[in-house]
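Asks: Below, each chain spelled out in residue letters.
2 protein chains.
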Amino acid sequence: EDCKQVVSTTDPYADDPPRHPALKVNSQKPFNAEPPSQILAENYITPSAFFFKRNHLPVPKVDPSTYQLEIHGLPKGPVSLSLMDLKSRFPKHTVTATLQCAGNRRMEMNQVKQVKGLSWGIAAIGNATWAGARLRDVLLEVGCKPGSNFQHVVFEGLDRDVTGTAYEASIPISKAMSEEGDVLLAYEMNGEELPRDHGFPVRVVVPGIVGARNVKWLAKIVLSEEESSSHWQQNDYKGFSPGTDWDTVDYKSAPAIQELPVQSAITQPAEGSVVDLSQGVLTVKGYAWSGGGREVIRVDVSLDGGKTWQVATLRGEEEGQEAAPSPPLGRAWAWKLWELTVALPAEAQELEIICKAVDSSYNVQPDTMGPIWNLRGILGNAWHRVKITVRKD
Amino acid sequence: EDCKQVVSTTDPYADDPPRHPALKVNSQKPFNAEPPSQILAENYITPSAFFFKRNHLPVPKVDPSTYQLEIHGLPKGPVSLSLMDLKSRFPKHTVTATLQCAGNRRMEMNQVKQVKGLSWGIAAIGNATWAGARLRDVLLEVGCKPGSNFQHVVFEGLDRDVTGTAYEASIPISKAMSEEGDVLLAYEMNGEELPRDHGFPVRVVVPGIVGARNVKWLAKIVLSEEESSSHWQQNDYKGFSPGTDWDTVDYKSAPAIQELPVQSAITQPAEGSVVDLSQGVLTVKGYAWSGGGREVIRVDVSLDGGKTWQVATLRGEEEGQEAAPSPPLGRAWAWKLWELTVALPAEAQELEIICKAVDSSYNVQPDTMGPIWNLRGILGNAWHRVKITVRKD
Ligand SMILES: [Mo]
Ligand SMILES: [Mo]
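Residue numbers (our numbering), protein chains in the order written: chain A, 134 to 526; chain B, 134 to 526.
Accuracy of the hints is not assured; some may be wrong.
For identical chains, the list gives no copy identity; a pair is met inside one copy or between any two copies.
[What the hints assert, rightly or not] With a straight-line Cα cutoff of 27 angstroms, these simulated DSS-like cross-link-like pairs (lysine-lysine) come out:
1) Lys278 x Lys194
2) Lys209 x Lys220
3) Lys246 x Lys194
4) Lys162 x Lys525
5) Lys385 x Lys249
6) Lys249 x Lys162
7) Lys278 x Lys246
8) Lys440 x Lys249
9) Lys194 x Lys209
10) Lys194 x Lys225
11) Lys440 x Lys385
12) Lys220 x Lys157
If you're looking for bench data, these hints aren't it; they were derived computationally from the structure.
Just chain A, same shape as in the assembly (with noise of 0.2 angstroms):
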């Protein structure tokens, strides 16, 4: 709202790119927008034209031929990266990895009570490959040693609202340093250069983690005894009980959110959606994904409202393969998707098709979204729900 007071001519937004025409737009300045649900299903990688958009300020406008990345905190002083050095200095290495908005299916859990926050629908995932310089050779390289006083690693990024302030998050050191955290400094998305929407011409990609930690635009890192100050880290994307109110809230109490509990979705068929009785059969399709590097394991789908499941078959990398070999155990950054045919039942007219996963830590989705509703509208991970009518005629 700030934004409205700034006066045309100076519109930081003016600058932002172009963007599908295709995508739903939750927010225009900041820029927040989804693809339309039923494409997620269909692209193991996400096109990076539909993957979702989630700005929290306007996109800055960098000429990568200046860019200078700088390191602080370390025990010889500050450091210096061009993207030069970024791209020539330290091994190139690919990740193919789901990032989740917290506030993916919103929508659903302001329809419980409401909330605060943009109505994301179930599209604010998606899957890219992502490439750049690992964040862990980086910092070997700059001088910073495990076993450091440093807990976190803070990022900045180029974005800034009005009164200056950049936007910021951190993650923690273990993360950051891990041989098998696969934390990419990402100059390259899909095998192109990063959009300008998805942080031209560096972000962090932190696998298993919250979107929000993966900092687009990246400025500065920072290695810090402390977590990030910034309101992002400390007074938004933490989880709560339903219980708690805007009057009781003490964002103190909640840890910053880092990995994310296992998710799924039907992407098809769409709510609302009526068949034909004659078809004989129904494709249910969807994704799957749980953070921490937790392979999705089984998704099983009803189509009577939970009475009664069926296994749905995850599908590898390319369309209409069986599931690829599992990833090395812990680092299963990528979604699957899954889908199932099934004979449609004669009698029903309406039918509530449900899905819900399970990671290999036998973590489940909980059954309904008021439980876990909290006032921010994030970490909505119940079963994902469509109703659709059978038509006989």
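Assemble chain B with the ligands onto chain A, guided by the hints.
Replies: For chain B with the ligands alone, kept in the frame of chain A given last:
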């Protein structure tokens, strides 16, 4: 059942140790028993006599002076270590860790539809202080190199069935060798030598991992390219969909359970209790824990069947103390005890009390047991529900 065919003078269970008479026995031979559940939340450290006993076979009688632990699969051939070797050649490492049987709360799942297995209540879980050599230290000293071909560490017990088959299970090498994994070859429980029911003289303690991999009476360690081929690793201790029955189950389709999902239960008041409205308040107590070193960050309690929720107080190690500082990230091996004192609602005659926990990855418990029902009755972590009556005199 095989044992019944053995004549009584050679009863393989004749040498089993004496047990506390207050234990609730689910099976005498092999001995399986849990304490009265109320005792759990009364002691941060579960007294060894009240720690659940989960034996698959007769308790072996081991002479500690001749005990030898064999380690196989090493490049230089097998190694054998005495109890004195384990105690004197490796630093003694102490870990407070909760162990939970995969079948904890099977009784509730059995009420949905019959399952196969011992009828555990909510007390097949306990929290103890274990001490011993780190498995990592032992494996490094005997020449196991990180990054070798071995992907699994197999543990064989001294407990054998009538055919001579020993209990056996395995864990991934990444957990075994991790500096933060805290896997022990334990020879002490709660400051004393291991009780016979808990694996005297040496057992494995794998924090954050299902009880079944914490092999007792450890005879042999085998470094292996494959998981254990035992019944318990391959054809038991795996989770399935509620739609899977004994005719359709394919044990190869699911991974062996390692990390367990988030769990909690109410230990006070007991199901069916009658409380006097004149008391004014009611104190609800219980435990909460999650697998994989994920810390429990919140427990929600409802007195109205899940319509409204209040946040319980997480208690520290000492009774009445505030919550202790958090353990290192990903190493929260011990449970949290919790309690909540609430005013008794004047209008209610019957209360349905519910608890549910949230872990540091914001995983939650599912609402109901039905949709996580599985043919072996394991992994039961739905909300725990207790009905009580409020009496007005
Ligand atoms: Mo987000
Ligand atoms: Mo167990």
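Asks: Are the hints correct? Go through all of them and say.
Replies: Verification of the hints:
1. Lys278 x Lys194: For Lys278 and Lys194, the Cα distance exceeds 27 angstroms both inside one copy (34 angstroms) and across copies (49 angstroms).
2. Lys209 x Lys220: within (23 angstroms within a copy, 43 angstroms between copies)
3. Lys246 x Lys194: Result: close neither inside a copy nor across copies, 39 angstroms intra and 61 angstroms inter.
4. Lys162 x Lys525: neither (46 angstroms within a copy, 59 angstroms between copies)
5. Lys385 x Lys249: within (19 angstroms within a copy, 45 angstroms between copies)
6. Lys249 x Lys162: For Lys249 and Lys162, only the intra-copy Cα distance (17 angstroms) is at most 27 angstroms; the inter-copy one is 57 angstroms.
7. Lys278 x Lys246: neither (48 angstroms within a copy, 55 angstroms between copies)
8. Lys440 x Lys249: The answer is between: 21 angstroms across copies meets 27 angstroms, while 33 angstroms in one copy does not.
9. Lys194 x Lys209: Result: close neither inside a copy nor across copies, 31 angstroms intra and 60 angstroms inter.
10. Lys194 x Lys225: within (24 angstroms within a copy, 57 angstroms between copies)
11. Lys440 x Lys385: So Lys440 and Lys385 pass the 27 angstroms test across copies only (26 angstroms; inside, 40 angstroms).
12. Lys220 x Lys157: Cα proximity of Lys220 and Lys157: none, with 34 angstroms in one copy and 64 angstroms across.
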